[in-house]
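Engineer: Chains as they are written, first to last, in my numbering: chain F, 726 to 1013; chain E, -11 to 228; chain D, 57 to 406.
Simulated from the structure, these hints should not be mistaken for lab results.
It is possible that some hints are incorrect.
If you want a taste of the chain F side facing chain D, the calculated C-beta under 10 Å gives, among others [unchecked claim]: (1) Ile808; (2) Phe811; (3) Trp824; (4) Pro982; (5) Ile987.
Simulated DEER-style distance windows between Cβ atoms [stated by the list, open to error]: (6) E:Ala101 - D:Ile241: 18 to 26 Å; (7) D:Gly190 - F:Leu975: 21 to 29 Å; (8) F:Gln895 - E:Gly156: 27 to 35 Å; (9) F:Leu903 - E:Gly105: 53 to 61 Å; (10) D:Ile241 - E:Arg18: 46 to 54 Å; (11) F:Arg998 - E:Phe2: 18 to 26 Å; (12) D:Arg382 - E:Leu69: 42 to 50 Å; (13) F:Arg998 - E:Gly156: 36 to 44 Å; (14) F:Gly896 - E:Thr158: 29 to 37 Å; (15) D:Ile365 - E:Gly105: 35 to 43 Å; (16) D:Phe71 - E:Phe2: 50 to 58 Å; (17) D:Ile241 - E:Phe2: 46 to 54 Å.
Since we're looking at a predicted model, the values are computed, not measured.
Note that the Cβ used here is the ideal one computed from N, Cα and C, for glycine as well.
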Amino acid sequence: MDYAGVVTLEILYMIAFLALTSAGLAIVFGMMRVINLAHGEFVMLGGYTTIACYNNGINIYFAMLLVAPVVVGLVGLIVERSIIRFLYGRMIDTMLATWGLSLLLIGLVTLIFGNTAVSVPAPITGYQLGEYQMGGYNLFIILVTVALLIAMWAALRFTRAGLIARGAMQGADVVASLGYDPRKVYMYTFSAGAALSGLAGGVLAPLTGLLPSSGGAYIAKAFITVITGGAAVISGTLSSAVILGTVNQLVSFAAHPVIGEIAMLVLAIILLRLMPTGITGRFFRDGT
Amino acid sequence: MSGVVETQELTMRFGGVTAVDAVNFSLRERELRCLIGPNGAGKSTFFKCITGQYALRPENGRVFIRGADVTEWNTHDIVRLGAGIKTQVPSVMNGLTVEENLWLSARRVHGWAGAGGAVEEITAELQLGEQLRRLVGELSHGERQMVEIGIVLVQRPWLVLLDEPAAGMTGNEVERLVDVIRHINQTASVIVVDHDMEFVRMLGSRVTVFHQGAILTEGPATSVLNDPVVREVYVGNRAA
Amino acid sequence: MRSWPSVGQIRWGWFLLATAILLLLPLVTDTHTPTVLLIWALFALSLGMMWGYAGLLSFGHAAYFGLGAYAYAVAVINIGESTVPLILSMLVPAAVAAVVGAMMFYGRISDVYMGVITLLVTLILFKFMSATAGDAYVIGDARLGGFNGMPGFHTLNVPGYPEISLFGLPTYYVCAAVLLICYLICRWILARSFGRVLVGIRENEARCELMGYNVPAFKTAIFTVCAAMAGLAGCLFANWAEIVTPRVFSLGQAAEVLIWVIAGGLGTLIGPILGAIALGYVKLLLGEQTVIDNSLVLGAVLIIVVLGIPRGVVPALQSVWAAAERRARGRTGSGQGARRTLGASNRERT
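Chain F extracted, bound-state conformation (with noise of 0.2 Å):
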């Protein structure tokens, strides 16, 4: 019974750590159609904004709820005006651009923070769920992610912003024909999916040692939750992290770690073959 339990805390866990590691990526891709292959690395960025202001006394949670989005978010609004803004439509030009933009931050990271891991200690200690010794901080990872979506989801339906937003799902053409300026439309909205990508590395910071590579380790798996989800921001997010997440812990579990990440990788390949254009479809609607 308390393995049940420890196994569902760490599916949901997972499922949030997909969630609020893409969350990020799917604004992007699912308003603007941009993949932004630096994704990982603003996700570090957050992480070491954190760690930096902690170890110079800020408190904790206000640095990587607040600090460590704003921040990033920044960075991407000057990514946005000097590459992103000049490759639009382009999609291999700007999987490629952010591609070298991901190896420019890494280096970038190396040269001021050099090579060793740095990290910070998680503000929730363990609980005890049964005979197992529970992470304490995974949950507040969880509420955090649940928070977060929520939020975003009220956003877009209830706020103007995420009216214009949602037009700009529909094309370039809608949002200018709402009398907003597509381009700026779009500038907030990559700076947006950056200041989360900022959240999501601050709230991630405490549990391992941060290099200036650890963007790998997220980029591929949000990658592989955001085109397996399809075009809609919300729902494909989460129904792609949903089915991925428990398929990874499932498979860990019964067999091993390595494994299970195999096994969230090849399932991605089966869906993305099955339904190439994510599980909420419709995507290039005019793609070539």
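Go by the hints and put chains E and D onto chain F.
Structural biologist: Just chains E and D now, kept in the frame of chain F:
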């Protein structure tokens, strides 16, 4: 099954809309037929169904080409049977020259040795000589259409299927096209889908009128184009 | 064929010059570094052929490089003589590519998704191989070794004489010869109908289909051939490094080869080769100091190339050269310069 093209109860639905409704169509050898009808009548969908551009299943009906059941075939297999297909959306290789486009098409059927000769013949027939070395992407829309027709014809198909071949062509080009189609018709069966009434009148063939996914009427061009029922279908659609 | 562009033509003058340089290089410098540069050039050539001429962009071409390396190592440890392992280093990646390729191309998977799926394949291999530490993971006598890889295996030997194995100068000459031969093979493919159909597929796949060509079959074929070439490069790499680690499958390796190709020039054969040699050399130089990180440079290069020189350096230079030539001869031609790189729409189709 005596026709060169035959459909049985051909049906195509998109969501709740029935675009092609249990159509029974037949084309005889060496016949030239025009398919006309207002927008949304289903003629282009019908065209795509018989050219393998949709993945058809048994419930969609049957399509036969010279007796062979090609219902579930894909496009390149139908082409390999000996059909030449020009789609509604122009499909040429803009980054290559006219000659290269034609050569690639000719090569598939005539082999390396025969391709050059076939290209020369078609160039003369369609008067593409001046544009041979130019990149297709640089040509006008009408010229590109002509090149595409060249790509189709250089394979010497015995069944030619053209979806809106006259779109974007100048008056002179349309006249040339009519001559070309009449010329091919001497050795091949031809189906032409188009909106342009003048063009259809010039071709002067048997005409099949589509309306709301089904065949409304069929007959020689002169009588069909003057048929009040047909006119009303067009006018009615425009008003609605 | 009168005016088909010169993709299939070999410019023998340049080729002989390159051969001469490769032959004489050992007289001026130590061959250890040039050897790996030539190997990387071969790897880049295999991707450049597929991407530049058939329009197939694989984000995980490193998978086949790695499979070639591992196939060679495992086989040579088990067999003891290197002829069969060498062949396996090409056959194993080719077989995997045939399966993956068929799955993708017959399923009409396009651009972006092909990128994702190929990325996933190399990721899976990387994760799997990294976790194979311990005695349980063996193929025959070969322990896979997990993250630390497989050291200490026989290098290539003269067929039939396992005692006479290569390292140092002979390895350099073998790599140079292989590169030159593969280059010639690529040119030969491009001059055949097969190569021209590939270009047609790159330009307009639907139209090729309408001409009656079996497009998925062509794509799978070239994908397989290029995987075999990458595998061969992997085998040579294993011989040069004398160790095989999962790093060959890594995202880093996958990114590097892509950057070499695109920086050097998409749509040419010489571009990827030069890109690999130049950037590979830069990487080795940077590796010897710690101030500027290699990632930084590669990343910056990629961004600059994508933003500024989308077709890569070699085509850009060729345009400059062709323009200068035209000016020199006072011609105002229609752009059919002697070195047309076939097709304006090289990379982007959206």
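Engineer: Of the numbered hints stated previously, which ones are contradicted by the structure, given in increasing order?
Structural biologist: As far as the earlier hints go, not one is violated by this structure.
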